[in-house]
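Please take these sequences and the hints and turn them into a complete structure.
If you read the sequences in order, they're chains W and E.
When you number the first sequence by UniProt numbering, it's gap-free, plus one each residue, and the end is 174.
When you number the second sequence by UniProt numbering, it's gap-free, plus one each residue, and the end is 174.
Don't take every hint at face value.
Computed cross-link-like contacts, BS3-like style, restricted to lysine-lysine with a CA-CA straight-line distance of at most 30 Å [stated by the list, open to error]:
hint, chain 1, residue 1, chain 2, residue 2
1, E, Lys133, W, Lys150
2, E, Lys133, W, Lys19
3, E, Lys26, W, Lys104
4, W, Lys162, E, Lys26
5, E, Lys62, W, Lys62
6, W, Lys165, E, Lys19
7, E, Lys133, W, Lys87
8, E, Lys87, E, Lys105
9, W, Lys26, E, Lys87
10, E, Lys104, W, Lys137
11, W, Lys150, E, Lys105
12, W, Lys26, E, Lys162
13, W, Lys147, E, Lys62
Over the 12 Å line for every Cβ pair with chain W, so calculated as not near, a few chain E residues [unchecked claim]:
hint, residue
14, Ala9
15, Lys47
16, Val126
17, His127
18, Ile128
19, Gly130
20, Asp157
21, Lys165
None of these hints come from the bench; they were simulated from the model.
Note that the structure is predicted; figures quoted are calculated from it, not measured.
By construction, the Cβ of each residue, glycine as well, lies at the ideal position given by its N, Cα and C atoms.
Read off the chains here:
2 protein chains.
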Amino acid sequence: MSTEEFLQANEQYAANFNKPDRSLFKNMIIVTCMDPRLNPYEQLGLKFGEAIHIRNAGGSAKEALRSIMVAQHFIGVNGTISIFHHKDCGMSRVTTSQMRDLVKKATPGRDDVAAEVDTIDFHHIVHIEGSVKADVKFLTESPLVLKGTKITGWVYDVDTGKISKVDEAIAVGA
Amino acid sequence: MSTEEFLQANEQYAANFNKPDRSLFKNMIIVTCMDPRLNPYEQLGLKFGEAIHIRNAGGSAKEALRSIMVAQHFIGVNGTISIFHHKDCGMSRVTTSQMRDLVKKATPGRDDVAAEVDTIDFHHIVHIEGSVKADVKFLTESPLVLKGTKITGWVYDVDTGKISKVDEAIAVGA
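Listed below in structure tokens is the structure:
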């Protein structure tokens with residue numbers, strides 16, 4: 001979509017705009033991949049305004065931690081944190097080492113870029129259920145996550161549209 | 001929503017599941033805030049499968065860079081990167097320093113947590129249009145973003161549902 005198409009679609013949206021229900025804002029946090037095959041509003045039946053939604057390559061809980069801290073400590077979200085990874089994820093088809101090589105090949109002769117990219121952890125995924133469980137464990141044990149927070153871990157199947165729950169834990173806090 | 005409600009809503013979704021059109025997958029990248037008032041599918045008229053969507057507190061392009069690199073260098077996305085920040089954003093109402101204090105107060109006596117949180121840049125926003133322009137500039141000048149990528153910057157108004165474009169540039173690359 002071009003700038004003009006964004007503006008045209010948004011004009012129609014704004015013409016019938018209704019603000020979401022404020023009482024829903026602090027209900028929950030979901031973390032998913034950036035993959036275009038994921039649309040949690042449809043796939044989980046989320047209402048407008050119901051979820052703080054964090055997305056990044058792979059759905060990494062580690063990278064999401066800054067946002068989770070803002071949601072819990074500043075905004076006051078007190079509900080469940082749900083982590084969704086998905087089958088056929090790009091991050092399960094490339095490693096951190098391979099990502100570094102790809103970027104270096106695209107920037108020949110730039111030693112500064114090579115040095116910078118060598119500091120980046122791309123959070124690649126070796127095993128989909130294992131990565132969900134590792135992320136649930138990371139949040140459960142992090143002192144930066146509020147004690148008592150319920151953490152659930154899920155896998156979304158891009159071929160069937162189905163979710164399945166693979167883990168659940170309660171954050172131990174600081 | 002509880003685990004049971006996720007599963008119930010998803011069961012209905014999966015019963016009528018259709019895979020998205022693969023030809024859309026590499027079209028564009030959008031970066032937005034995690035705020036529950038943002039739903040780009042509705043607000044921009046996005047089709048299912050049309051956009052790689054990265055979300056974090058504030059819609060920070062800096063934090064999105066790892067994901068953008070995966071999208072461009074591995075997945076092969078060659079379209080526009082659109083950055084959306086929004087009015088009344090939580091990240092414009094709290095500073096990095098205030099976030100650090102909030103976390104320290106919630107974890108008394110934990111010097112290790114205090115030391116860790118002092119290393120985190122919370123990417124707070126001083127001026128909404130200024131922050132969009134700074135993020136467009138950051139991506140435009142980053143050698144980690146592919147040369148020639150069109151970068152657009154937008155503000156979403158949570159009170160009216162309207163978007164407005166505030167910046168546009170072409171990435172200079174490595």
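* List, from low to high, the hint numbers that the structure doesn't satisfy. => 1, 7, 14, 15, 20 and 21
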